[in-house]
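Protein chains in written order, with the working numbering: chain P, 1 to 186; chain F, 1 to 186.
There may be inaccurate statements among the hints.
Where chains are identical, the list cannot tell them apart; a pair therefore holds if satisfied intra-copy or between any two copies.
With a cut-off of at most 27 Å between alpha-carbon atoms, the simulated BS3-like pairs for lysine-lysine come out as follows [stated by the list, open to error]: (1) Lys-9 with Lys-74; (2) Lys-29 with Lys-9; (3) Lys-74 with Lys-29.
Treat the hints as calculated values from the structure; they're not laboratory data. Just so you know, these numbers come straight off a predicted model, no measurement behind them.
There are 2 protein chains.
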Amino acid sequence: MEVPVSSEKILTGHFLQVCRDTVSLPDGKHTTREYVIHPGAVMIVALLDDGRVVLERQYRYPVHAVMIEFPAGKLDAGESSLACAQRELQEETGYTAREWARAGVLHPVISYSTEFIDIWFARGLTPGERRLDAGEFLDVFTATPAELLGWCGSGQVTDAKTLTGMLWLQNMLSGAWTLAWQPARL
Amino acid sequence: MEVPVSSEKILTGHFLQVCRDTVSLPDGKHTTREYVIHPGAVMIVALLDDGRVVLERQYRYPVHAVMIEFPAGKLDAGESSLACAQRELQEETGYTAREWARAGVLHPVISYSTEFIDIWFARGLTPGERRLDAGEFLDVFTATPAELLGWCGSGQVTDAKTLTGMLWLQNMLSGAWTLAWQPARL
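Pulled out of the complex, with its shape left as it was, chain P reads as follows (with noise of 0.2 Å):
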């Protein structure tokens, strides 16, 4: 456990907030702990009828390298998960979805972020137009599971919210691990 004792802000960036907190430690000795402030956001692992999953490449500035990813986002402000997880699958993919299942959160980087990802399956797919943000560039891309857990353990995905879906794709798809359907609201 560890108390905070203080808080500044130390960025106010064009996209980045970072925070410096002064904390107490267990043993009563004070600390600073820096961190990104960050809204949380959403992953979508949408099946196909035919079983395939809709999959993104996208040029990724920080590691300079195009990277193969389930559909994500971040969550606009009083909007809540679900709303969110189905206004990015649309807005990247051009995709809406009958039924909807939160499979679960995962915290990418729990020593200096705040963010988690809410983890969203998909299924009974309709295309349709895709509606990027400006600067947004991506292609959308099917492959079934079996390809991408090769990918996953050929080093061709490496993205750690995807290779988190594809642990839950696996052991969804095996029987392992249930999900909890609803109809989308629309």
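With the hints as your guide, set chain F onto chain P.
Frame of chain P; chain F shown alone:
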């Protein structure tokens, strides 16, 4: 592809370093990318002779929770990935290992950090003394792979690197993915 035009350091923290780059987008327009500079890290999936794995419980201030994690740590300047894995496993858990295998790499946060985490497996473990850094507080414990998998499905494990380690552990144990073991260099 995004081509860098210029770069400036916008935060020099005690712990976090943040850059803001101006980049040229595929449509020729300019935008900015802000990201944390990280030296890279390692994670260790350490297998005991009875099949159990070595885990840690650690309070993580940015998410205000005690997290279940595989041992992990940052590369020191000039340190090799394997040397870092051997050092971190011993410092945090006391264990040394006779054999090591590099499984792959994960990128925890491709939208705003350069961080990568090399994934190492270790076996042939011998217990020893821990040497925690000042201000480092963590509990070491062991679990069977089946127990850990259950915690990943139930939401008790949400750390993305540990979930990725579980994906590797599950597919290594099933024989689907193989590892190239090497003797420890001491």
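Measure nothing new, just compare the shortest in-copy and cross-copy C-alpha distances for Lys-9 and Lys-74 to 27 Å and report within, between, both or neither. Result: close both inside a copy and across copies, 21 Å intra and 25 Å inter.
If the cut is 27 Å between Cα atoms, do Lys-29 and Lys-9 qualify within a copy, between copies, both or neither? Close inside one copy (22 Å), not across copies (31 Å); limit 27 Å.
I want to check one pair: Lys-74 and Lys-29. Are their C-alpha atoms no more than 27 Å apart within a copy, between two copies, both, or neither? Answer is between; shortest inter-copy Cα gap is 23 Å, intra-copy 36 Å.
Hint compliance for this structure: no hint is broken.
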